Amino acid sequence: MLKILKYSFFDLIRSRWSYVYLFFYLLLGVVLLFLNPSLSKAILTLMNVIIMLVPLIGTIFGVMYYYNSKEFTELLLALPVKRSSIFLGQYLGVAISLSLSLVLGLGIPFIIYGLFQSGAIWEFGQLLLLGTFLSFIFSGLSYNIALSNDNRIKGFGYAILVWLLMAVIYDGAFLIALNMFSDYPLDKFALIASLFNPIDLSRVMMLLKLDISALLGYTGALFKKFFGSNWGSLIAFAILIVWTIIPIFILRIKSARKDF
Amino acid sequence: MIKIENLHKKYGKNEVLKGIDLNIDNRGVFAILGPNGSGKTTLIKCILGMVIPNSGEITLEGKNIQNQWKYRESIGYLPQIANFPENLRVTELIKMIKDLRQSPDFDETPYIERLGLESHLSKRLSNLSGGTKQKVNLTLTLLFDTQFIILDEPTTGLDPAALMILREMIEEEKQKGKTIILTSHIMNFVEEISDEIVFLLEGKVYFKGSADMLKAETDQVNLEHAIANLLKKTEYA
Chain S
105 MLKILKYSFF
115 DLIRSRWSYV
125 YLFFYLLLGV
135 VLLFLNPSLS
145 KAILTLMNVI
155 IMLVPLIGTI
165 FGVMYYYNSK
175 EFTELLLALP
185 VKRSSIFLGQ
195 YLGVAISLSL
205 SLVLGLGIPF
215 IIYGLFQSGA
225 IWEFGQLLLL
235 GTFLSFIFSG
245 LSYNIALSND
255 NRIKGFGYAI
265 LVWLLMAVIY
275 DGAFLIALNM
285 FSDYPLDKFA
295 LIASLFNPID
305 LSRVMMLLKL
315 DISALLGYTG
325 ALFKKFFGSN
335 WGSLIAFAIL
345 IVWTIIPIFI
355 LRIKSARKDF
Chain P
48 MIKIENLHKK
58 YGKNEVLKGI
68 DLNIDNRGVF
78 AILGPNGSGK
88 TTLIKCILGM
98 VIPNSGEITL
108 EGKNIQNQWK
118 YRESIGYLPQ
128 IANFPENLRV
138 TELIKMIKDL
148 RQSPDFDETP
158 YIERLGLESH
168 LSKRLSNLSG
178 GTKQKVNLTL
188 TLLFDTQFII
198 LDEPTTGLDP
208 AALMILREMI
218 EEEKQKGKTI
228 ILTSHIMNFV
238 EEISDEIVFL
248 LEGKVYFKGS
258 ADMLKAETDQ
268 VNLEHAIANL
278 LKKTEYA
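Read top to bottom, the protein sequences are chains S and P.
Heads up, the first sequence is in our numbering, so the first residue is 105 and it goes up one at a time.
Heads up, the second sequence is in our numbering, so the first residue is 48 and it goes up one at a time.
Just so you know, these hints were derived from the structure itself, not from any lab.
It cannot be assumed that every hint is accurate.
As the list claims (entries may be wrong) - Within a straight-line C-alpha distance of at most 25 Å, the following computed BS3-like cross-link-like pairs (lysine-lysine) qualify:
| no. | chain 1 | residue 1 | chain 2 | residue 2 |
| --- | --- | --- | --- | --- |
| 1 | P | 117 | S | 258 |
| 2 | P | 117 | S | 174 |
| 3 | P | 279 | P | 110 |
| 4 | P | 110 | S | 174 |
Claimed, not checked - Simulated DEER-style distance windows between Cβ atoms:
| no. | chain 1 | residue 1 | chain 2 | residue 2 | range |
| --- | --- | --- | --- | --- | --- |
| 5 | P | 133 | S | 110 | 15 to 21 Å |
| 6 | S | 276 | P | 133 | 39 to 45 Å |
| 7 | S | 208 | P | 101 | 46 to 52 Å |
| 8 | S | 258 | P | 173 | 22 to 28 Å |
| 9 | P | 139 | S | 121 | 50 to 56 Å |
| 10 | P | 219 | S | 353 | 45 to 51 Å |
| 11 | P | 177 | S | 140 | 54 to 60 Å |
| 12 | S | 315 | P | 133 | 31 to 37 Å |
| 13 | P | 152 | S | 118 | 42 to 48 Å |
| 14 | S | 216 | P | 101 | 55 to 61 Å |
| 15 | P | 174 | S | 258 | 49 to 55 Å |
To be verified - Covered by chain P, according to a simulated footprint, are these stretches of chain S (three or more residues, beta-carbon under 8 Å):
| no. | region |
| --- | --- |
| 16 | 106 to 118 |
| 17 | 126 to 138 |
Just so we're clear, the structure is a prediction, and the values are computed from it rather than from any experiment.
Here a beta-carbon is modelled for each residue, glycine too, at the ideal position from N, C-alpha and C.
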């Protein structure tokens with residue numbers, strides 16, 4: 105698997121799009137630090153961008169890479185290489201190169217700015233960690249979608265739909281539900297519902313880390329009680345890990361059954 | 048040896064293989080023939096583990112190949128449509144395949160020279176013509192000195208000179224005691240080169256034997272007519 109990972113990874117970091125992605129983050133980091141003299145405010149703005157954009161880029165790259173490397177995959181399948189290694193290697197190649205672009209693109213300007221001297225290093229570290237998780241989760245989901253759909257247009261459509269659902273629609277539906285059932289105690293429902301969406305979960309975790317849970321409004325107190333404690337954070341991270349493992353697990357099963 | 052027992056494969060409602068039984072036991076050249084859509088490529092892909100059969104069993108040298116991958120070390124495969132990662136150069140591709148097969152010691156230069164690929168080595172695969180791609184493909188298939196060689200339409204895109212070289216190469220592999228399985232629609236080629244013919248029709252083995260047997264059975268003097276005759280007979284049957 106490591107050999108496949110190596111070839112996929114080098115193939116990707118040689119491609120133009122990885123550089124575009126990297127430079128976008130470099131630019132974003134530099135601009136935010138210029139406009140925002142306060143590091144923690146820059147991190148807050150960055151969070152809003154990352155929460156939306158990282159899943160979207162992960163989704164697009166996952167789908168695109170699968171369809172673009174189809175020929176390579178077919179070549180590999182006739183070689184003495186384990187099937188699951190081929191797909192896991194390719195998926196990890198995408199996820200790792202995306203995460204690397206994110207961490208390097210944002211990390212470099214912040215280090216130059218003097219991150220290590222400031223107290224915001226933990227917040228920033230958590231932001232990058234969450235971004236990495238989101239890259240893995242969404243490229244995994246979309247890679248699976250591409251694997252199940254031979255029709256590229258359909259594959260792209262479904263993948264974008266999943267992103268839209270998680271990033272936008274879920275929140276809307278969640279708010280409507282809270283509003284409609286506002287006569288009932290909804291604390292537990294709200295808490296559980298946010299666990300089922302990695303984007304919401306990341307946002308909540310980050311807001312609590314930045315200690316602006318007031319932004320969370322109605323359920324804020326409950327979240328703080330739950331996520332703010334060590335146990336709460338641990339559970340939240342555990343759920344993110346589960347979110348990361350599930351696509352890999354499905355990938356193994358799906359790839360073992362597919363005909364080429 | 049390759050043993051195939053009661054192999055079935057369906058794509059959705061389309062039943063492609065309807066119970067194939069086939070023994071490929073002695074060394075030599077086996078030609079798998081059949082009309083378009085008779086399941087030749089599907090059968091080959093089942094042997095390679097790229098297509099997963101619905102039922103049935105394939106054993107290679109006595110070992111069941113289901114969910115295995117190690118056995119592919121003994122197979123060289125030339126796919127029907129030569130699709131390669133486009134951004135790679137020819138030398139990079141050869142190096143990569145050697146690395147993935149974990150056999151860095153095989154020397155490709157004799158094949159490169161023989162097929163006249165020297166001037167293409169530093170070109171990107173996306174810039175190669177169909178015939179040149181096929182030559183690269185052939186190099187990669189024969190390079191690793193595998194016991195089994197599977198050639199799916201090896202003649203595609205080759206010019207007459209290259210076709211002669213291909214014929215010589217297959218002959219040489221045969222002399223070395225290899226088992227060669229090929230499909231082709233060019234009957235002269237098949238007739239000259241094959242020791243045994245397997246004729247697939249509607250997902251079943253319709254005929255297995257030598258070209259002479261087939262000609263005798265259909266009362267024809269050449270293989271092309273014999274096959275055409277066979278097809279016509281089944282159409283009106």
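Here is how each hint holds up against the structure:
At most 25 Å may separate the alpha-carbon atoms for a hinted pair to count; residue 117 of chain P and residue 258 of chain S exceed this at roughly 35 Å. The suggested pairing of residue 117 of chain P with residue 174 of chain S holds, with an alpha-carbon distance near 22 Å, which does not exceed 25 Å. With a C-alpha separation of about 39 Å, the suggested pair residue 279 of chain P and residue 110 of chain P falls outside the 25 Å cut-off, and the hint is violated. Simply put, residue 110 of chain P and residue 174 of chain S have alpha-carbon atoms about 29 Å apart, too far for the 25 Å limit, and the pair is violated.
For the hinted restraint 15 to 21 Å between residue 133 of chain P and residue 110 of chain S, the CB-CB distance of approximately 19 Å keeps it satisfied. In this structure the supplied range 39 to 45 Å holds for residue 276 of chain S paired with residue 133 of chain P, their Cβ-Cβ distance being about 42 Å. A hinted range of 46 to 52 Å holds for the C-beta pair residue 208 of chain S and residue 101 of chain P, which are about 48 Å apart. Between residue 258 of chain S and residue 173 of chain P the beta carbon distance is about 26 Å. The supplied range of 22 to 28 Å therefore holds.
At about 20 Å, the beta-carbon gap between residue 139 of chain P and residue 121 of chain S misses the expected band of 50 to 56 Å. Taken as a hint, the range 45 to 51 Å holds for the pair residue 219 of chain P and residue 353 of chain S, whose Cβ atoms sit roughly 47 Å apart. Between residue 177 of chain P and residue 140 of chain S the beta carbon distance is about 57 Å. The supplied range of 54 to 60 Å therefore holds. Taking 31 to 37 Å as the suggested C-beta distance range, the pair residue 315 of chain S and residue 133 of chain P does not conform, at roughly 50 Å.
Look at residue 152 of chain P against residue 118 of chain S: about 28 Å separates their beta carbons, and that is not inside 42 to 48 Å. The supplied range of 55 to 61 Å is met by residue 216 of chain S and residue 101 of chain P, whose beta-carbon atoms lie about 60 Å from each other. At about 31 Å, the beta-carbon gap between residue 174 of chain P and residue 258 of chain S misses the expected band of 49 to 55 Å. For the region 106 to 118 of chain S, the assignment as covered by chain P holds, since 5 residues bring a beta-carbon within under 8 Å of that chain's beta-carbons and 3 suffice.
With a threshold of 8 Å between beta carbons, the proposed coverage of the region 126 to 138 of chain S by chain P is violated, since 0 of its residues qualify and at least three are required.
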